[in-house]
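S.K.: Please construct the entire structure, taking both the sequences and the accompanying hints into account.
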Amino acid sequence: MKNKIYHIKKYFFILFIIISCLLIFCKFGSNEISLFYITYQLKNNPISEKDIKIFVINLDHSTNRYNNINKQFIDINLSYERFSAVDGYELSIANQKGEKFTGLDLKNNSSLLSLDNNYTIFCPSENINYYALNRTLTAGEFGCYCSHREIWLKMVEENIPYALILEDDAILKENFYKKFSTIIKSLPSDWDLVYLFLMYLPRQKFYKIYNNPYLKKINTQRYFYTSTGYLINLKAATKLLKYSKSFSEPIDDSIAQEVADSRIQAYITTPFLINTDFKDSTIIEMGRPD
1 MKNKIYHIKK YFFILFIIIS CLLIFCKFGS NEISLFYITY QLKNNPISEK
51 DIKIFVINLD HSTNRYNNIN KQFIDINLSY ERFSAVDGYE LSIANQKGEK
101 FTGLDLKNNS SLLSLDNNYT IFCPSENINY YALNRTLTAG EFGCYCSHRE
151 IWLKMVEENI PYALILEDDA ILKENFYKKF STIIKSLPSD WDLVYLFLMY
201 LPRQKFYKIY NNPYLKKINT QRYFYTSTGY LINLKAATKL LKYSKSFSEP
251 IDDSIAQEVA DSRIQAYITT PFLINTDFKD STIIEMGRPD
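Take the sequence shown: its position 50, counting from 1, is numbered 50 in UniProt numbering, and each next residue is one higher.
Careful, some of the hints might be misleading.
To be verified - Just the calculated beta-carbon pair ranges, DEER-fashion:
hint, residue 1, residue 2, range
1, 104, 186, 26 to 36 angstroms
2, 202, 159, 14 to 24 angstroms
3, 262, 51, 45 to 55 angstroms
4, 158, 115, 18 to 28 angstroms
5, 77, 205, 30 to 40 angstroms
6, 122, 210, 23 to 33 angstroms
7, 117, 210, 45 to 55 angstroms
8, 118, 272, 36 to 46 angstroms
9, 261, 45, 17 to 27 angstroms
10, 111, 157, 22 to 32 angstroms
11, 80, 262, 25 to 35 angstroms
It should be emphasised that the hints constitute simulated quantities derived from the structure, not laboratory data.
Note that the structure is predicted; figures quoted are calculated from it, not measured.
Quick reminder that beta carbons are idealized off the backbone N, C-alpha and C, glycines included.
M.R.: Structure below.
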């Protein structure tokens, strides 16, 4: 009898292991198997450098920032396209009554926005809906939001398969291009977006990829932010355009929410390939009153 009970327990244990493995496999799909924040990458999706369009977002009057990042690209002999950023001060905003004001008006009178109200933001190519929740955004944050959306729209309209999007306060680390070239040859097949730099809280979890030391997968939590630099594919740009038509948060938080909702598969480079100087941030500057 004891022997029979032993065999029954043994079979149940084996069945438990099999079911657990199947659940893990189903959760993460055929691209990877993950357990205890360790991932094994099953498939690669290498992409060619010639298919990647590099954009640097820069305000027309931010010549110092442009000169700084332009020199970095000259030093590594890498071409890029300067993308004229949307100036948050020049943006038109309308309240629910249809009354319009600009981002500059907002800087001088923050009471133009109030919580729990809807507003229309007139981005250059498309009007989007802003709902003021938790806190009101600044003119710089509105400009940044529109700028990233304009690049995603450009990707869709021009059928650009991949884009490396950098803000002009990005600082390229040593051997940037060599490391970047290595990473794009070992991308997982499910990738949508790869952050080259990320700010995150200690509780944010990442999946270490056992057979890919260049990347970590971002867990479906939302304790990270920044849009300083990332590689994105056309599929993700199309998704983000759709999901960002209505928003309540800055662009980096909006992207993070799509990652948390598993609509965007995101990774980070390890180590980071860029850094940033937050003291030189146009977005922060546009949020300051005179």
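S.K.: Work down the list of hints and note, for each, if the structure agrees.
M.R.: Cross-check of the supplied hints:
For residue 104 paired with residue 186, a C-beta distance near 46 angstroms fails the hint of 26 to 36 angstroms. A beta carbon spacing of about 40 angstroms between residue 202 and residue 159 contradicts the range 14 to 24 angstroms that was offered as a hint. Distance hint check: the CB atoms of residue 262 and residue 51 are about 26 angstroms apart, inconsistent with the given range 45 to 55 angstroms. A hinted range of 18 to 28 angstroms for the beta carbons of residue 158 and residue 115 is inconsistent with their spacing of about 38 angstroms.
Between residue 77 and residue 205 the beta carbon distance is about 38 angstroms. The supplied range of 30 to 40 angstroms therefore holds. Checked against the hint of 23 to 33 angstroms, the pair residue 122 and residue 210 fails, with Cβ atoms roughly 48 angstroms apart. The given range of 45 to 55 angstroms is respected by residue 117 and residue 210, whose C-beta atoms sit roughly 49 angstroms from each other. Here the CB-CB span from residue 118 to residue 272 is close to 37 angstroms, well matched to the stated 36 to 46 angstroms.
One distance hint, 17 to 27 angstroms for the beta-carbon pair residue 261 and residue 45, holds here, with the actual separation near 22 angstroms. Between residue 111 and residue 157 the beta carbons are some 38 angstroms apart, a value that contradicts the proposed interval 22 to 32 angstroms. Checked against the hint of 25 to 35 angstroms, the pair residue 80 and residue 262 passes, with Cβ atoms roughly 31 angstroms apart.
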